[in-house]
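Novice: Listed here are the chains, written in short residue letters.
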Amino acid sequence: MTLRGDRRATSTALGYVLSLGIAAILVSGLIVAGGGLMESQRDQSARVELEVVGQTVADDLSSAARLADCDSCELQLRIDVPRRVAGESYLLRVVEVAAPDSYRLVLSTGRSDVSVDVRLRTRRPVEETTVTGGPLMVEYDPAAGELEVRSD
Amino acid sequence: MANVSEDRSRAQLLLVGALALAVVFLSLSLLLNSVIYTENLATRQTHADAEKATEFRLAAVDGLDGAIEHANRRNTTAFADRRDAYRDAVDSWVPILANYSATDGMATDVEPDELHEGTRIVGANNTTGLVRGDGAGDWTVATDSKVRRFRLHVDPSTVGTGDEVRITFDDGTTRTVVIENPGSGPRVRIERPGPDPTCSLSDGRIDIGTGRVDGEYCPGLADARPTGNGAVSIANGDQVTATYSLVVDRHQDGFRTDVDTENYPTQCTPPSTPTYGTSSADDPYTTPAIYAATAEIGASTRDLDYRRTIRAAPDEAGDPASEPTFTQFLVTQSGNDFTVDWNTDDPNGDIDHVDVRVYYRTNDTLYASETSALESGTETFANVPDEAYYVNGTVTDAASSRRVSEIHDAGGCPP
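As you go down the protein sequences, you meet chains Z and P in turn.
Once you know that position 109 of the first sequence is 109 in the working numbering, the rest is easy, because the numbers rise by one and skip nothing.
Once you know that position 10 of the second sequence is 10 in the working numbering, the rest is easy, because the numbers rise by one and skip nothing.
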């Protein structure tokens, strides 16, 4: 007896295979697409958040420099910014562009490697430094005549 | 064949897939939520405390300005009296400012510090013009001084056609405020490098310190203020009647003799009618006044801790006055011996040396010179030949110097 000519009950098996296959493709497609979306959204939101944090810090640094415009000034200003952006910690670097008043804040996340530059001008020199993201303290050093940024 | 209804492994693919997708979308929503939070952060005012501190600083400077003006307006001839009035005014105003700041969430304090003694010059007689003690209308008001709060009240009806009262400021650049009447009515014209702006004068109030004529902004007048050390002189001051007042940063003692020497170059010091009297009965007169004041201020909030020194000198133009000044310059002549006693003061406390020089008045050549590193002292020039001399004192600090000049004659005055 041969089964070659026997086509009974194949549609049920075929139906199963097809529906499982299509469901698998659909689900994995959705997961891949969702993951990709997730990835790009995370980069984008990290960028947006770093920009916001950078501009907040730049603004507060300028304000601090405006306040500390005398040799006898003593100033401590706390800047409250989030510790994490898009679920990641980040570094903030103060880089001097042109002495004595032009600076660049470089904010970068570690894992997703998103980096944002914010330019600022201040009335007082700012010490070049690197701090981890989170609440910061800006302090004016009257002896050196410059502002220092450190983690609070 | 197994019982289908008991097979619990069915639909695992869909379940796992749906779960994975749910996780993806959930974290996406968390992510977007954090973006929304950050965007919200971006719209917040970031430097509210810094702005409040700046407002407080400006309010404190304004308050000190008011206290200085209050103290300087008192009719007194003693600086101690003005200092007390100033302290009283500050003491009553500080708690008000502190209460006001406290309602704004900021703890503040103001600690009055130093006073810089200057001289206030007042011509309060409204029947005379801009004249010196002997009534002359061409004279020097101030020499080598920083000038602030220069106010005049001219009687506009006395500004006749063709009159031209000239008040000249010379701090290296010459600028002249001219009160004149070209036929169309009294007006103020400012002569300076570039075009000469004019402003009409109806009430007669000219405030050179704030650049206002009759209470309205007059373009160019504020620029006429001397920004550095300089001389103020008046020409044709007797053509109008006016009252006026101004404050200079020099101590009365050295200032008066220096102005006298400038105005009366042919008379010994003091001249028969000095440029300025010393009491409010004289016209014009000088009194010791507060030129500037400093204070320590502090402001703190949850996020801010701020301390600094502030300085108030109402209507001062240019850099803060930091030039040294003689608080005493007394030349005592006994026959042919000159004894010079001096005392000096410096707002920034960096006096370097004091020179006392004696010059022949006839040809300006040096007779004798002494240099001292002391801030106060005495020099004697004995057996000076019978001649007329300028006895000059120059006090020099790190960046500037001030001179006092007197005229004396070893052969007997007048020279």
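For the record, the hints were derived by calculation from the structure and aren't laboratory data.
Beta carbons are placed, not taken as given, at the ideal position from N, Cα and C, and that holds for glycine.
Fair warning: there could be bad hints in the mix.
As the list claims (entries may be wrong) - Partial chain Z-side listing against chain P, Cβ under 7 Å, derived: (1) Asp59; (2) Asp60; (3) Cys70; (4) Glu74; (5) Arg121; (6) Thr130.
Novice: Could you run down the list of hints and mark each one as holding or not?
Specialist: Status of each hint after checking the structure:
| no. | hint | verdict |
| --- | --- | --- |
| 1 | Asp59 | holds, 5 Å |
| 2 | Asp60 | holds, 6 Å |
| 3 | Cys70 | holds, 5 Å |
| 4 | Glu74 | holds, 4 Å |
| 5 | Arg121 | violated, 15 Å |
| 6 | Thr130 | violated, 22 Å |
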